[in-house]
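Chemist: Residue strings, one per chain:
Number of protein chains: 2
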Amino acid sequence: MLNPADDTFLNTLKEKLPEHLFRPLAPSYLEEPRGRYVGQAGAIIAPENTDQVAEVVRLCNEARVGIVPYAGGTGLVGGQLQPDGPAPVLLSLERMTAVRDVFPTENVLVVEAGAILTDVQAAAEEVDRLFPLSLASEGSARIGGLLSTNAGGVNVLRYGNARELCLGIEAVLPNGEIMNTLTRLRKDNTGYDLRDLLIGAEGTLGIITAAALKLHPRPAGEGTALLTVKDPTAALALLALTGKHMAGGVSAFELMHRRAFEFFEETDIPITCPFDETPEWVVLLEIGLPKGIDPQSALEALFEDALEAGLVDDGIVAQSEAQRLAFWAMREEIPTANRRIGSISSHDISVPISSIPDFIEEGGKRLAALGPIRVNCFGHLGDGNLHYNVFPPEGRDRAEFDGIRDQVKRIVHDLVHEMSGSCSAEHGIGRLKVGDLERYGDPAKLNMMRAIKTAVDPHGIMNPGAVLRAD
Amino acid sequence: MLNPADDTFLNTLKEKLPEHLFRPLAPSYLEEPRGRYVGQAGAIIAPENTDQVAEVVRLCNEARVGIVPYAGGTGLVGGQLQPDGPAPVLLSLERMTAVRDVFPTENVLVVEAGAILTDVQAAAEEVDRLFPLSLASEGSARIGGLLSTNAGGVNVLRYGNARELCLGIEAVLPNGEIMNTLTRLRKDNTGYDLRDLLIGAEGTLGIITAAALKLHPRPAGEGTALLTVKDPTAALALLALTGKHMAGGVSAFELMHRRAFEFFEETDIPITCPFDETPEWVVLLEIGLPKGIDPQSALEALFEDALEAGLVDDGIVAQSEAQRLAFWAMREEIPTANRRIGSISSHDISVPISSIPDFIEEGGKRLAALGPIRVNCFGHLGDGNLHYNVFPPEGRDRAEFDGIRDQVKRIVHDLVHEMSGSCSAEHGIGRLKVGDLERYGDPAKLNMMRAIKTAVDPHGIMNPGAVLRAD
Numbered sequence: 001m002l003n004p005a006d007d008t009f010l011n012t013l014k015e016k017l018p019e020h021l022f023r024p025l026a027p028s029y030l031e032e033p034r035g036r037y038v039g040q041a042g043a044i045i046a047p048e049n050t051d052q053v054a055e056v057v058r059l060c061n062e063a064r065v066g067i068v069p070y071a072g073g074t075g076l077v078g079g080q081l082q083p084d085g086p087a088p089v090l091l092s093l094e095r096m097t098a099v100r101d102v103f104p105t106e107n108v109l110v111v112e113a114g115a116i117l118t119d120v121q122a123a124a125e126e127v128d129r130l131f132p133l134s135l136a137s138e139g140s141a142r143i144g145g146l147l148s149t150n151a152g153g154v155n156v157l158r159y160g161n162a163r164e165l166c167l168g169i170e171a172v173l174p175n176g177e178i179m180n181t182l183t184r185l186r187k188d189n190t191g192y193d194l195r196d197l198l199i200g201a202e203g204t205l206g207i208i209t210a211a212a213l214k215l216h217p218r219p220a221g222e223g224t225a226l227l228t229v230k231d232p233t234a235a236l237a238l239l240a241l242t243g244k245h246m247a248g249g250v251s252a253f254e255l256m257h258r259r260a261f262e263f264f265e266e267t268d269i270p271i272t273c274p275f276d277e278t279p280e281w282v283v284l285l286e287i288g289l290p291k292g293i294d295p296q297s298a299l300e301a302l303f304e305d306a307l308e309a310g311l312v313d314d315g316i317v318a319q320s321e322a323q324r325l326a327f328w329a330m331r332e333e334i335p336t337a338n339r340r341i342g343s344i345s346s347h348d349i350s351v352p353i354s355s356i357p358d359f360i361e362e363g364g365k366r367l368a369a370l371g372p373i374r375v376n377c378f379g380h381l382g383d384g385n386l387h388y389n390v391f392p393p394e395g396r397d398r399a400e401f402d403g404i405r406d407q408v409k410r411i412v413h414d415l416v417h418e419m420s421g422s423c424s425a426e427h428g429i430g431r432l433k434v435g436d437l438e439r440y441g442d443p444a445k446l447n448m449m450r451a452i453k454t455a456v457d458p459h460g461i462m463n464p465g466a467v468l469r470a471d
Numbered sequence: 001m002l003n004p005a006d007d008t009f010l011n012t013l014k015e016k017l018p019e020h021l022f023r024p025l026a027p028s029y030l031e032e033p034r035g036r037y038v039g040q041a042g043a044i045i046a047p048e049n050t051d052q053v054a055e056v057v058r059l060c061n062e063a064r065v066g067i068v069p070y071a072g073g074t075g076l077v078g079g080q081l082q083p084d085g086p087a088p089v090l091l092s093l094e095r096m097t098a099v100r101d102v103f104p105t106e107n108v109l110v111v112e113a114g115a116i117l118t119d120v121q122a123a124a125e126e127v128d129r130l131f132p133l134s135l136a137s138e139g140s141a142r143i144g145g146l147l148s149t150n151a152g153g154v155n156v157l158r159y160g161n162a163r164e165l166c167l168g169i170e171a172v173l174p175n176g177e178i179m180n181t182l183t184r185l186r187k188d189n190t191g192y193d194l195r196d197l198l199i200g201a202e203g204t205l206g207i208i209t210a211a212a213l214k215l216h217p218r219p220a221g222e223g224t225a226l227l228t229v230k231d232p233t234a235a236l237a238l239l240a241l242t243g244k245h246m247a248g249g250v251s252a253f254e255l256m257h258r259r260a261f262e263f264f265e266e267t268d269i270p271i272t273c274p275f276d277e278t279p280e281w282v283v284l285l286e287i288g289l290p291k292g293i294d295p296q297s298a299l300e301a302l303f304e305d306a307l308e309a310g311l312v313d314d315g316i317v318a319q320s321e322a323q324r325l326a327f328w329a330m331r332e333e334i335p336t337a338n339r340r341i342g343s344i345s346s347h348d349i350s351v352p353i354s355s356i357p358d359f360i361e362e363g364g365k366r367l368a369a370l371g372p373i374r375v376n377c378f379g380h381l382g383d384g385n386l387h388y389n390v391f392p393p394e395g396r397d398r399a400e401f402d403g404i405r406d407q408v409k410r411i412v413h414d415l416v417h418e419m420s421g422s423c424s425a426e427h428g429i430g431r432l433k434v435g436d437l438e439r440y441g442d443p444a445k446l447n448m449m450r451a452i453k454t455a456v457d458p459h460g461i462m463n464p465g466a467v468l469r470a471d
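Read top to bottom, the protein sequences are chains S and B. Just so we're aligned: the first sequence equals residues 1 to 471 in full-length UniProt numbering. Just so we're aligned: the second sequence equals residues 1 to 471 in full-length UniProt numbering.
Simulated from the structure, these hints should not be mistaken for lab results. Hints may contain errors.
For identical chains, the list gives no copy identity; a pair is met inside one copy or between any two copies.
Unchecked claim - In silico DSBU-like cross-links for lysine-lysine, where the CA-CA straight-line distance does not exceed 30 angstroms:
id, residue 1, residue 2
1, K244, K453
2, K453, K14
3, K14, K244
4, K291, K244
These numbers come from a predicted model, not from an experiment.
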């Protein structure tokens with residue numbers, strides 16, 4: 001149904017748009033971090049402003065040429081590249097990086113979609129505010145992509161996903177119209193919530209070009225602790241106790257398994273467990289508190305209560321920024337170790353929080369039936385979001401396990417589905433999980449999604465084949 | 001285009017549904033709090049379960065008969081009744097009031113759409129959790145209506161609107177399909193966010209039948225204070241300072257004008273100002289804090305800092321629950337006083353928070369040009385949401401001002417629009433503000449809303465004439 005972005009079409013584009021917007025067809029735009037897909041494009045265009053984005057979309061819509069929106073290129077599910085079909089226009093937001101405005105009194109920052117997350121965090125810090133979105137790829141991920149995938153990260157427990165951090169958006173719709181709903185309002189009930197519809201739509205309903213983002217006051221004091229727990233059930237009870245103590249002041253509650261420390265050793269990552277004996281499970285906990293209370297004391301009080309309740313066995317409260325960073329390095333180096341080992345299959349799943357212990361137990365059992373494998377399970381316990389990754393036994397290569405990859409994935413996702421969970425907690429559907437969405441998604445929801453896609457983008461030009469199968 | 005719910009259609013319904021679901025055509029279903037509209041209906045049905053809701057919707061869709069969903073009937077914009085056009089079926093959720101499940105560890109409660117807000121708050125309290133949605137009509141407002149209008153209230157600053165308090169919904173779509181997305185997940189990026197699309201759609205895209213609601217830990221300690229400020233600019237600076245002190249622990253930040261106290265006296269409401277001299281402006285502030293810090297001391301520390309910065313003139317920290325309730329009574333009795341005086345026109349508006357001082361000043365000026373009127377302006381300063389109500393001078397009746405009502409409304413809404421604000425901050429569009437949405441709404445957004453409405457509800461049966469004009 002779509003036409004390729006061929007030379008004729010390129011000439012049309014070049015008549016309407018300045019020459020310097022066109023970028024060479026560099027391979028870096030057509031790769032993704034895990035190397036599963038290689039993209040293709042008939043043209044790569046990097047507009048300087050929203051009107052130019054609208055012009056590109058209008059021309060593509062008229063000519064029935066597909067558009068793949070491109071932000072930081074860090075997505076893990078292939079949403080940012082199109083491996084087959086008629087060659088699309090790749091529209092990169094790299095030139096639209098301005099912080100348009102900062103409103104400290106309002107706790108609002110207005111930014112273009114190409115702004116890099118660390119730059120946005122820095123702009124907030126300059127006015128003594130916090131933009132709490134934080135994740136591994138923050139040095140290259142761009143706001144447009146983070147919103148389009150409703151990114152998560154480590155602070156969701158307290159501050160919400162990307163969606164909850166956005167007050168308003170400006171977007172170019174598939175017909176080329178500019179939707180100017182860049183509101184800074186905290187309350188605005190005038191019509192359907194199209195902001196949240198475009199957020200998480202992975203560029204299939206339009207292109208987000210700017211956003212009004214919610215900032216937060218910086219907590220007066222912060223504290224970090226590592227606590228050892230005997231099992232995930234104890235970790236959950238600790239989570240509830242922490243909530244009771246901190247009154248919403250818990251910003252991160254991350255679970256790590258002893259496997260992580262084994263992997264560090266196996267892959268020569270110089271991180272050692274700070275406890276005398278490597279515990280079965282560790283919780284990394286971070287809090288941000290009001291004035292008038294010392295976070296260290298608050299964490300010690302929590303630790304004592306947790307010890308008394310039999311929930312924790314040992315614990316360390318970070319006494320310095322260096323120690324805090326060392327704790328976080330443990331958590332953040334897990335993906336590095338995982339990559340070095342080489343996973344058979346990785347899963348970004350969520351289940352209802354109270355089902356986590358059952359999920360871990362039952363998942364382990366079902367996978368063990370396939371033969372000897374290792375699981376490294378870690379993640380955002382406070383959000384019910386685990387990165388549940390499956391590896392070969394020590395000394396064996398993942399290539400030997402190519403034959404069971406699909407089976408592993410199916411076992412994990414089936415179990416997630418049985419437990420009313422999600423097979424894409426924070427990474428999105430992209431192109432990787434289109435089949436999973438069809439298999440596990442609610443049929444009425446899928447029908448409504450398709451009806452909306454057809455109504456809003458009748459020619460199917462926006463990110464063809466992402467989220468929903470292209471016709 | 002629609003057919004009335006006439007006797008023939010009633011017979012069809014009665015063939016498929018138990019007799020006792022049909023309710024008499026009682027006038028109470030066809031009235032609304034402000035008495036602006038009188039509704040009509042060919043039948044009133046109160047299903048007992050989601051399947052029955054689906055059956056009604058399916059039959060209405062087949063027969064092209066309109067449906068008006070009815071929850072607590074407390075809406076202020078006429079979304080819950082249809083004054084003209086072919087008589088619709090009124091579908092009341094009053095029998096679907098079950099709390100289906102409570103998950104304290106997850107901070108989740110699953111409830112049917114007919115549950116009354118105070119009952120939901122109580123169910124949360126039973127497991128030592130907080131469901132923070134709180135507003136004047138909480139004793140009769142039902143969850144389905146609160147979600148369908150994305151209700152706000154006094155705790156939005158800390159906990160968000162109804163939308164932010166909902167994890168998943170079950171809904172009947174206009175074609176009669178049941179969308180089962182009653183997820184309890186904190187992170188779930190599988191497809192378009194249809195939850196947030198139905199939330200706030202005021203029943204025009206489907207009927208929410210159940211919801212998984214987010215609970216919060218109860219703060220370890222709470223405190224309340226009344227602080228006097230010389231003007232809204234000082235109130236804003238106080239808001240920022242409070243954020244800095246409390247690290248997200250501010251649950252309410254309400255602004256009141258001295259006019260409120262004048263109105264209490266004029267209408268014989270036995271509330272007196274607790275300060276020696278009635279201040280120009282008062283801020284009512286509530287905080288909820290972690291363990292290890294005394295809220296009274298925290299408020300006193302804030303007060304001292306605010307005094308030193310010249311932001312406040314006087315203040316009282318509540319020393320008892322009785323005093324706290326007395327402070328809140330001041331805030332909550334303002335609407336009573338307003339009703340007794342009788343407004344020329346009321347406005348539920350929001351502007352970017354930092355524009356509030358300008359809005360109040362400029363609004364006062366523009367209205368003064370019409371002749372002698374009085375404004376009582378109060379509300380959720382922390383959300384940029386003011387209830388900006390216009391009254392006759394003392395001793396005169398609002399009926400004398402009927403001739404300028406439209407002009408007043410237009411002046412206020414034009415100013416709001418100039419300041420990038422919203423003419424419906426928390427009450428919704430209903431039928432009252434359809435014209436305002438058309439006038440002030442972003443055209444591209446309106447086009448996309450219409451495209452979605454047509455795609456999802458091609459026959460226009462769902463709450464005809466609400467939000468979008470019926471064909």
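Chemist: Decide, hint by hint, whether the structure agrees.
Modeler: Hints, one by one, checked against the model:
Taking the shortest Cα distances, K244 and K453 never come within 30 angstroms of each other, neither inside one copy (43 angstroms) nor across copies (43 angstroms). For the homomeric pair K453 and K14, the shortest alpha-carbon distance inside one copy (29 angstroms) is at most 30 angstroms, but the shortest distance between copies (37 angstroms) is not. Neither within a single protomer nor between protomers do K14 and K244 lie at most 30 angstroms apart by alpha-carbon distance, with minima of 60 angstroms and 51 angstroms respectively. Taking the shortest alpha-carbon separations for K291 and K244, both the intra-copy value of 18 angstroms and the inter-copy value of 8 angstroms come in at or below 30 angstroms.
Violated hints, in rising order: 1 and 3; the structure is consistent with all others.
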